[in-house]
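Residue numbers (our numbering), protein chains in the order written: chain A, 1 to 189; chain B, 1 to 189.
If you're looking for bench data, these hints aren't it; they were derived computationally from the structure.
Just to be clear, a hint being listed does not mean it is correct.
[What the hints assert, rightly or not] Which bits of chain B does chain A cover? Going by a derived footprint, with three or more residues having C-beta under 8 Å, they are:
no.	segment
1	108-122
2	155-164
3	172-184
Ideal Cβ placement from N, Cα and C applies to all residues, glycine included.
There are 2 protein chains.
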Amino acid sequence: MPRTVDRTARLSAIGDAVVALAVDSGFAAVTIRSVAERVGASTSVVTHYVGGRDEMLRVAVRREIEARREQAENAMANHRGARAVRALIDWAVLTADEATHRFWLALIVAAPTEPVLRAELDAFNAWWDARLRNMLREAGVTELEHAADLLNVVVDGLVVGAFDEGAPWPQARRRQVLATTWRALGIAG
Amino acid sequence: MPRTVDRTARLSAIGDAVVALAVDSGFAAVTIRSVAERVGASTSVVTHYVGGRDEMLRVAVRREIEARREQAENAMANHRGARAVRALIDWAVLTADEATHRFWLALIVAAPTEPVLRAELDAFNAWWDARLRNMLREAGVTELEHAADLLNVVVDGLVVGAFDEGAPWPQARRRQVLATTWRALGIAG
Numbered sequence: 001m002p003r004t005v006d007r008t009a010r011l012s013a014i015g016d017a018v019v020a021l022a023v024d025s026g027f028a029a030v031t032i033r034s035v036a037e038r039v040g041a042s043t044s045v046v047t048h049y050v051g052g053r054d055e056m057l058r059v060a061v062r063r064e065i066e067a068r069r070e071q072a073e074n075a076m077a078n079h080r081g082a083r084a085v086r087a088l089i090d091w092a093v094l095t096a097d098e099a100t101h102r103f104w105l106a107l108i109v110a111a112p113t114e115p116v117l118r119a120e121l122d123a124f125n126a127w128w129d130a131r132l133r134n135m136l137r138e139a140g141v142t143e144l145e146h147a148a149d150l151l152n153v154v155v156d157g158l159v160v161g162a163f164d165e166g167a168p169w170p171q172a173r174r175r176q177v178l179a180t181t182w183r184a185l186g187i188a189g
Numbered sequence: 001m002p003r004t005v006d007r008t009a010r011l012s013a014i015g016d017a018v019v020a021l022a023v024d025s026g027f028a029a030v031t032i033r034s035v036a037e038r039v040g041a042s043t044s045v046v047t048h049y050v051g052g053r054d055e056m057l058r059v060a061v062r063r064e065i066e067a068r069r070e071q072a073e074n075a076m077a078n079h080r081g082a083r084a085v086r087a088l089i090d091w092a093v094l095t096a097d098e099a100t101h102r103f104w105l106a107l108i109v110a111a112p113t114e115p116v117l118r119a120e121l122d123a124f125n126a127w128w129d130a131r132l133r134n135m136l137r138e139a140g141v142t143e144l145e146h147a148a149d150l151l152n153v154v155v156d157g158l159v160v161g162a163f164d165e166g167a168p169w170p171q172a173r174r175r176q177v178l179a180t181t182w183r184a185l186g187i188a189g
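Chain A on its own, in the form it takes in the complex (with noise of 0.2 Å):
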């Protein structure tokens, strides 16, 4: 990286590295030394801009979080209740692609290990939860719990399901999942 790119270009780069690395390698091979080859600067470069291993972890996925946090709550807006429930969900098993639902596996596989990791990923859930069961009320859905548990499994099934079966479900298949999820929560359209 040149002198010249400024700092928020350089930690979006590294942040870029960082998620790049977990998606194809999971985040044990994020280190600093492989996010520095891979912008293509020195390892003292990179630690100049986040410290440690730990803080660069902490900065990149925050980072990608929010991103996608973003685009889920631009999938929900102007809907309210049952539809805003949908538009969440088709978001998170439909139009999110492979390379995220790798970084969440990637994240939640790595959680256990790394408090950094660890962490995100629980300001994260705690967003979905209240989010989801809000949104669920207003459905409302009088079993708020089970009907935010069942579609948490149904959820994070389909993530994994891709990489169970060995490649990504066609969309109709996801869809006549969700169809029956929506039918047994009685929030169907």
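Dock chain B against the given chain A, drawing on the hints supplied.
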């Protein structure tokens, strides 16, 4: 390992080490060296019994999967149709312990980059899918593909859910998700 230990016992110790390392740290951490350290043998003793890393993974993962398959078959024994479906899924998400779930997640995550693991997972999935479809047919379910998809999503989602939240779900929460799933498929008890 002492020289008098026979071949079966050595392969068994190597297999246990492979599974334990994969459960703790993922398959990237499973090497001839790390397995040799764990069983207290030299790397040349390990390669004497399993050849190279790929053969070691194949032998260990096949043995572990066979043991799980036998548990699943025992859970289904003496049941048919809807009862057999519920027994299989209950075994997968209620009876199997956290280490087993971590093993499956490690297998799914590593399969895209480790053809040996992909092949073992595919073989298990072929058995699982054939068994499940057969039992769903016996249970009078007509939309076999959709029903199997929903069940696979729920199983994967319940296995991953524990890691997403950072702690295993209590049995009651899992049972509730399963109860909704049985009703959605028309195969409740």
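A quick look at each hint next to the structure:
1. With a threshold of 8 Å between beta carbons, the proposed coverage of the segment 108-122 of chain B by chain A holds, since 8 of its residues qualify and at least three are required.
2. For a cut-off of 8 Å, the count of residues in the segment 155-164 of chain B with a CB near a CB of chain A stands at 9, and the three-residue condition holds.
3. Counting residues of the segment 172-184 of chain B whose beta-carbon sits less than 8 Å from any beta-carbon of chain A gives 7, enough to reach three: the coverage restraint holds.
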